[in-house]
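Given the sequences, and given the hints that come with them, work out the whole structure.
Heads up: the protein sequence lines correspond to chains A and B, in order.
Residue numbering for the first sequence is 0 to 279, as defined by numbering that gives the first Met the number 0.
Residue numbering for the second sequence is 0 to 374, as defined by numbering that gives the first Met the number 0.
Every clue listed holds true.
Using C-beta positions, here's what the derived DEER-type ranges look like:
hint	chain 1	residue 1	chain 2	residue 2	range
1	A	Leu109	B	Glu212	35 to 43 Å
2	B	Asp64	A	Glu185	24 to 32 Å
3	B	Ser136	A	Leu17	36 to 44 Å
4	B	Ser136	A	Leu109	39 to 47 Å
5	B	Asp95	A	Phe56	46 to 54 Å
6	B	Glu17	A	Asn212	52 to 60 Å
7	A	Phe19	B	Ala134	31 to 39 Å
8	B	Ala120	A	Ala86	41 to 49 Å
9	A	Tyr50	B	Ala134	51 to 59 Å
10	A	Asn212	B	Ser136	42 to 50 Å
11	A	Arg13	B	Lys210	54 to 62 Å
Hint data in this document are derived by calculation from the structure and do not stem from the laboratory.
Just so we're clear, the structure is a prediction, and the values are computed from it rather than from any experiment.
A virtual CB, placed ideally from N, CA and C, is assigned to each residue, including glycine.
Listed below are the residues making up each chain.
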Amino acid sequence: MAPQALDWRSPLRRAPLLLFLLVYTVVSGGPFLWVAIMSVRTTPEIFASPYALPSRFHWEKFVDAWTRSNYGTYFWNSIIVVVTAVALLTIIGAMVAHCLARYRFPGDRLIRFVILSGMILPPQLLILSLFQILLEYHLYNTLSGLILVYVAGHLAMTVYILEGFFAQIPQDLFDAAKMDGYGDFEIFWRITLPIGVPALFTTVTLNFIILWNEFLYAVVLLTEDDKRTLPLGIMHFMGSHQLDVGMVATGLMIAIGPVIILYALFSDTMIKGMTAGAVR
Amino acid sequence: MAEVAIERLSKRYPRSSEAAVKEVSLTVADGEFMVLLGPSGCGKSTVLRMIAGLEPITAGTVAIDGKVVNEVPAKARDIAMVFQSYALYPHMDVFDNLAFGLRRRGVPTGEIERRVGLAAAKLGLSPFLRRKPHALSGGQRQRVALGRAIVRDPKVFLFDEPLSNLDAALRVSTRNELIRQQQEIGTTTIYVTHDQVEAMTMGHRICIMDKGEVVQIGKPLAVYRDPATTFVARFLGNPPMNLVPVELSHEDGGAAARLCATGIALRQWSQRTLAGHRTLLLGIRPEDLHEDRREAGAGSDADRLVPLPVRVAAVEPLGAETLLVLTLDGLSAEVIARIGRDTRLRAGDRATIWLDTAAIHLFDPGTTRAIPRDL
Ligand SMILES: Nc1ncnc2c1ncn2[C@@H]1O[C@H](COP(=O)(O)OP(=O)(O)OP(=O)(O)O)[C@@H](O)[C@H]1O
Ligand SMILES: [Mg+2]
Chain A
0 MAPQALDWRS PLRRAPLLLF LLVYTVVSGG PFLWVAIMSV RTTPEIFASP
50 YALPSRFHWE KFVDAWTRSN YGTYFWNSII VVVTAVALLT IIGAMVAHCL
100 ARYRFPGDRL IRFVILSGMI LPPQLLILSL FQILLEYHLY NTLSGLILVY
150 VAGHLAMTVY ILEGFFAQIP QDLFDAAKMD GYGDFEIFWR ITLPIGVPAL
200 FTTVTLNFII LWNEFLYAVV LLTEDDKRTL PLGIMHFMGS HQLDVGMVAT
250 GLMIAIGPVI ILYALFSDTM IKGMTAGAVR
Chain B
0 MAEVAIERLS KRYPRSSEAA VKEVSLTVAD GEFMVLLGPS GCGKSTVLRM
50 IAGLEPITAG TVAIDGKVVN EVPAKARDIA MVFQSYALYP HMDVFDNLAF
100 GLRRRGVPTG EIERRVGLAA AKLGLSPFLR RKPHALSGGQ RQRVALGRAI
150 VRDPKVFLFD EPLSNLDAAL RVSTRNELIR QQQEIGTTTI YVTHDQVEAM
200 TMGHRICIMD KGEVVQIGKP LAVYRDPATT FVARFLGNPP MNLVPVELSH
250 EDGGAAARLC ATGIALRQWS QRTLAGHRTL LLGIRPEDLH EDRREAGAGS
300 DADRLVPLPV RVAAVEPLGA ETLLVLTLDG LSAEVIARIG RDTRLRAGDR
350 ATIWLDTAAI HLFDPGTTRA IPRDL
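Have a look at this one:
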């Protein structure tokens, strides 16, 4: 009796949920699809009819975008900046999170508070002082300067996510490793890191996506054209006189490629990392 | 091979008002199997973790082979510990779990394989060497945890309730396995449990703790026979020892206890010992109350047994034996007797139960300490 009742009611019950998912997908996926379509259409075609499907696929626009402007340089700059920043964030963030999650020491709560309060400061607030500091240390308009700013800016969130996960690893595992003869750093390296892989994937992916698209700091802290990162490069197509909509769309599609690849690779582990509770 | 000696060991956790362990002194001889027994929260794990080096020591010393190791970090003490949660490394397969400690000590690869193979064979883990812990049953995990300690061939084994997550049958077989292992290897072992059957069957000696203090240390049967306090008397034994208040009367022949109108001669205590006392707690184990005079055993002199008029409140047949819950006139507490399974007594019956005076214990109600027999 009960299962039957469930049988006919469950699709009905699920309907609102399905409707919500549908709307959400259309709202978030629609613009993306639109840009994707525009990326293989020329600007005159787009101006003639903005929402039309491509009459012919202009794949050559991708080559164009890469060769006509400095796109190769921007792409490479972005790779250097983001990969280095994410690597540093992951290592430093994991170490900080491990310490905060595992050790009690005088002032531990204060340190946690100071680090995590970095999350609530809006970036616009810091930009002037950062500008001044970078200038003084001759890091203004350098990729290393931008990397440092990115690491500092995203450490709080990274520590926050990782500490939450690390704190759930049972203390007995660390004690067992100590009894097996391992020191503090080895325990971090051989126990915390491997068990924390899902959480690490989460922060790697999140940091990568956010930093890959970061615009504000990049535009203020980098001025020379061949230091610029991708989000600035796309601005290039927006020229000072006219907007080359077709090329902007193509540039966007190139820019978003690595993010999609990363997400496709890691999303499974990442979801696990966000939801995983117990380790055993 | 090592002797572990702890001296006036104390522990107070930060941000807690009372000490978790108070001045515990205990020496475990080389090759001895010592059991720490006590109710939940009495500080057994804390003592074990201080010996292991996992918990800073507030006061007192831990010495291994005569050398104080208070400041030696856990990794350098050469002690192996089996945790209640097993604490298997979830990202390593069984082989790596067993080999982890050996690798750190720079044992050559060939030797690691030999030792792990040996331990795995001994514990029946050979088919699972390439499995991760999550793909093992509870019993298998427990054996991996055990194997991890054994392969290291440490100076001392520490066990923190290693069997408490197993079901009853597995617990018995693993217990026997552990006893055999320890006899074979002969490594000094400290074993924490709150299961008295484990304590009685495994320990060469047991150390009973209560509220952070050691109450009594001794051979299992000796402690069972001569509990030092009412706490030990009630903690060891199932059902626990009956404790009833009695009035003392001093007569010319010797002291006697008056239990609900029945006089019980106290022949094992001298007048002098009992002189200062008016009331005492009389302890008698359930198996020392008999339904039948003859049951008390052949050759026992008849006047050892004293009849008690009782009313049967409940009968609990356990199979091999039967428990009687008894009330005595003028006594508020109930008394438990453990008798043969063939009893005809039913709830509500009036009956006579025979008390074996040779098995009486006396406790001072003020200090709760036992009054030692001296005759
Ligand atoms: N990390 C800690 N911080 C504060 N108090 C603690 C801590 N660990 C244990 N305690 C307290 O110390 C006392 C002894 O704890 P312990 O774990 O040694 O007991 P136990 O005898 O092992 O009990 P169980 O049989 O339940 O394992 C308890 O009162 C407990 O609340
Ligand atoms: Mg414990």
